[in-house]
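Number of protein chains: 4
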Amino acid sequence: MSVKVAINGYGTIGKRIADAVASQDDMEVIGVTKTRPTYEAKMAILRGYPFYAASEESVGRFKDKGIEVQGTLDDLLEQADIVVDGTPKKMGYKETYEKAGVKAIWQGGEKHELTGLSFNAQANYDEALGADYVRVVSCNTTGLIRTLYPLHKEFGVKFVMAVMIRRGADPWDTKRGPINAVEPVLKVPSHHGPDVQTVMPYLNIQTTAVKVPTTIMHLHSLMVRLKREVSTDDVLNVWEDSPRILFVEGEEGIKSTAQIMEMAKDMCRNRTDLYEIAVWRDGTHVVGDSLYYYQAIHQESDVVPENVDAIRAMMEIEKDNMKSMKKTDLALGIEC
Amino acid sequence: MSVKVAINGYGTIGKRIADAVASQDDMEVIGVTKTRPTYEAKMAILRGYPFYAASEESVGRFKDKGIEVQGTLDDLLEQADIVVDGTPKKMGYKETYEKAGVKAIWQGGEKHELTGLSFNAQANYDEALGADYVRVVSCNTTGLIRTLYPLHKEFGVKFVMAVMIRRGADPWDTKRGPINAVEPVLKVPSHHGPDVQTVMPYLNIQTTAVKVPTTIMHLHSLMVRLKREVSTDDVLNVWEDSPRILFVEGEEGIKSTAQIMEMAKDMCRNRTDLYEIAVWRDGTHVVGDSLYYYQAIHQESDVVPENVDAIRAMMEIEKDNMKSMKKTDLALGIEC
Amino acid sequence: MSVKVAINGYGTIGKRIADAVASQDDMEVIGVTKTRPTYEAKMAILRGYPFYAASEESVGRFKDKGIEVQGTLDDLLEQADIVVDGTPKKMGYKETYEKAGVKAIWQGGEKHELTGLSFNAQANYDEALGADYVRVVSCNTTGLIRTLYPLHKEFGVKFVMAVMIRRGADPWDTKRGPINAVEPVLKVPSHHGPDVQTVMPYLNIQTTAVKVPTTIMHLHSLMVRLKREVSTDDVLNVWEDSPRILFVEGEEGIKSTAQIMEMAKDMCRNRTDLYEIAVWRDGTHVVGDSLYYYQAIHQESDVVPENVDAIRAMMEIEKDNMKSMKKTDLALGIEC
Amino acid sequence: MSVKVAINGYGTIGKRIADAVASQDDMEVIGVTKTRPTYEAKMAILRGYPFYAASEESVGRFKDKGIEVQGTLDDLLEQADIVVDGTPKKMGYKETYEKAGVKAIWQGGEKHELTGLSFNAQANYDEALGADYVRVVSCNTTGLIRTLYPLHKEFGVKFVMAVMIRRGADPWDTKRGPINAVEPVLKVPSHHGPDVQTVMPYLNIQTTAVKVPTTIMHLHSLMVRLKREVSTDDVLNVWEDSPRILFVEGEEGIKSTAQIMEMAKDMCRNRTDLYEIAVWRDGTHVVGDSLYYYQAIHQESDVVPENVDAIRAMMEIEKDNMKSMKKTDLALGIEC
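Protein chains in written order, with the working numbering: chain Y, 1 to 336; chain D, 1 to 336; chain Z, 1 to 336; chain R, 1 to 336.
Keep in mind that the hints were calculated from the coordinates and are not lab data. A virtual CB, placed ideally from N, CA and C, is assigned to each residue, including glycine.
List time: in silico EDC-like cross-link candidates among lysine to aspartate or glutamate, alpha-carbon distance up to 20 Å:
1) K63(D) to E251(Y)
2) K90(Y) to E113(Y)
3) K175(R) to E249(Z)
4) K227(D) to D289(Z)
Far from chain D, some chain Y residues (derived; all Cβ distances over 12 Å):
5) D81
6) E95
7) G109
8) H112
9) G116
10) D132
11) L203
12) K319
13) M322
14) K323
A few chain D residues facing chain Y, derived, Cβ under 10 Å:
15) R36
16) T38
17) K65
18) T174
19) P213
20) T215
21) V248
22) E251
23) S256
24) M261
25) M267
26) T272
Starting from the given sequences, assemble the full structure and let the hints guide the process.
This is how it looks when you write it as structure tokens:
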């Protein structure tokens, strides 16, 4: 049996999840929705996804441009087992999904309260088994959990201080700035720390954040106090065995987020996405009683495999998180 | 018979030409060279290219990092029919290639005088038939020829004024600026006009250029006076039938170079490259006696198919330029 | 008698005009308005300007922050001879000013139709003599007129093609992008050409425009066909004698807009503004039948002296435009 | 008696120190040097500084451009009591200064070992009394000391973790990138922590750093563990009483480094410099056992007043650091 997945909102994240779902053998994309006849709509059709209008009103817009739609969101939901919501935050589709009786996954732009269940495949897959509504945490939160959860499990974590240097806008988003400034999140703690705690409530973490004029990746500078005395190699070894972490090295010419994205282009992935968290091997150092490291987050794609795993957990087609992750990662080219 | 192609310099352009050559059925990559054990070297090996050290000295550097090389550039050239030079400009490999008795292709960073023959597949393929040394013109020059040659052929061109808004650095190149400035090329004409004339000596063209803080594409704003009175549709129709031009539309949400690159990511091309010149359909206007249009150039890849065609012309495995272009484009996914 | 000037909207442009007016001996700032208790409001008070709330509603906002206001806009207008509108475009204050019976000056964000009279001190000062409502044209339009009017007057102009490379946002404006893209104005002609013609209706000009990720200046690349054959020196000599043009040289290290702004910082001007249009002496070339040149526009300040002159013309305190400009420029440090 | 100060290297920092020295009543600029006839050389002359060629060879370059020099560096040093070195780092002028028998001040680009004495006016003025060679620490280090020293003095500091988000290049420097990337300093600790300890050897501090595509300011995100339990207000009160700290507020519209620089423009300072460290009042929070805050550093100017104070200490014309700072700050407009 193949799980029937609807994608509501074929944008930055929706289109990536669509492709990821389509690449798995136990689920399929039965349709994607769009509100406007943009180039992304055309590309969805070119990729062969059954195409639906997000609402009655938008049907006309597509017709005007000669784009045929298979129906509306409601028609799509009727046939779906589960819907992945890729719409802008706070669009309030929950009632629609409930009425249609489909399970639903939201992204990290939504608040934890919407579902009461925030998800990361490594940290709390089991909690999502059979669940109706799940929120996959944001790209930054996912990034933090990917490297912190293994540290917690292996060594125990006393305290984390993370400074997030965030990209100002996604590559396609030309309206948002800043062009030449650094903008701190004045509220301390920033929302990222508490957001990690929706998945790892036991973690003592503090975060601050600044926005900078770049489009390609977020970068985190972290300080972690562990419960055990460890060496830098101990830490690297734990991450080596953890899923969805990719080591990069300044020594090999990867000095910044730019060269990481260049390497991703060389890796033949779909859309040159980097689903893994990139950790600098030679930027990881245990100094005194603390571990310091840098990691970079491809904000457009690191949550994509998590969405696939969430589908498996919610549909209970795989009970073991490691097996689901392995399956997802093989299909996406993360493992080979 | 498959043409044996060596790639000297597996960088921004070399790696793309390697992949493009490998995708054709009448030529093959017999090896690539590199001077340093960077991530790009690792990626070359991962992609399965026979790997050579650029020089005796660099052999040791690779050995130190546990990277095995098949030999040096000299060893590689011995087996090659033709070498594509992807090294930084003015590296002076000409004597080496002559001594090895291989044909050679250089990129547009070199001067016309190096080969005496500058190349564009559409405009002067025939001149390269059987040639030993060819220079494929630069990304900007290639972009100008792609749209101007059809206009010249169909309507005749009286005068061209092109302002090139150039990206400051390639995406991976984090050393070069500017971060927040616009820098004009004070010399007028800029070198681009005369460079077009190395291929189209009959064209009356004037160019100016400025450098801006972006990494993703060049953009050209052009004014063209044609020899015949034409409508905007006449022009669009001619380009519709011309190779390696892709129309984009502001109407469909493609407002800037950023959305063009986003669309390219959606197109499943290798490295999300855009080999075509992107022309705004709704940015093309005949006003009074002049044609105005904007085009965007993916500086890293538009010359890639031209290199493949140059190989065919020089090796005389295809005498008809349209057939070579068609073959190249099918393999690269430009046509389908 | 000193002209009583009200400044409605103490923002990017309003604050600069306030300072410029205050520096003249025949006019004075009787008050400035603001809608919100921002740092700019505090700075207005620190500079000693009588401070007014833009509306009844905003009075409370200031009181909450302990900022005392002298009254509202209406109170201010009662005492004013003339008001300079520095509010965001299309705020629709015209009726308010009419009701108060004060003359008014708007900025170039408004349409020509609002006043029917668009102004540049050099080109059409006389038309504004005694006028009630005047629109000072935008920074880009002012820049074009500054260099084109002298060419028109001295040599006659057949045709102008101007490509405007525009800054994406002002330095303080961190909301607007693009961060990494070039965005053309697909409509051709862009509005700039017709806007120049509101002041110089006899000029045959065509313009295109692109937006780039910089905050500091606009840059124009121009091609001009003159009615007479001239040398580069002829052109430079005419500009040498024209007001509000400043020559810069690549030879002396001024290679981009960044070094122009650095030089402006060294010039001890208020806010390090550059009221003049910066023209590259060694970027000016007569080639064939055309003149090519580059100019840079400090978008925040080049219209400031024009506003001062407009006040003089409208109040008829000076009938001779050259005398007004001279007086303005001495006070602003443009001439010494 | 007025101290005779020579400025060797009239660039970004040299020109600012020249102006600052010139604004004091107990010291004077007896000359500045330059190696090339750039616009900065012209500006030095325009500002009225006696102008010297940096070396014999450069004399000719100035003569060629019609710029008269008063002599060479050697001639200048002969008359000087003290020289401030504003040359690029590692230029090795130490022997020259020793031979000339003048005291000398270097900037933070040099290593501590050059002088054995690193300086901050607040923290260790006394150590510089009568010294021959002093190094004023870098802009970032100065920024850290400005806010940390008062915390240390008042509350005691257990541990500091500072993440420095550094501007990629100065505003005038268009050669350096990155244009679109974030680049971490992979070495941990970065050099900033140890550099603070050259002045405050007793401070337990750890620093990491990243470079981002902005030109205007550095921004620091800090976490500080104090020896006493304190409230946010306690901390703000201490800084309120400390020299060269300026509070800014997000509430008042200062959301990023861009609005800080806009405010600086409104403050009528020379070159719109901001000598103070800007600390966000509403970005300062005591959470749990730690203090978190953000500060922004105007990299071009925060060390300027420190250089003036260093001159006073070394020449022993003022023994009390608070008095020297007060005098400096009044002349520079920091206090009024």
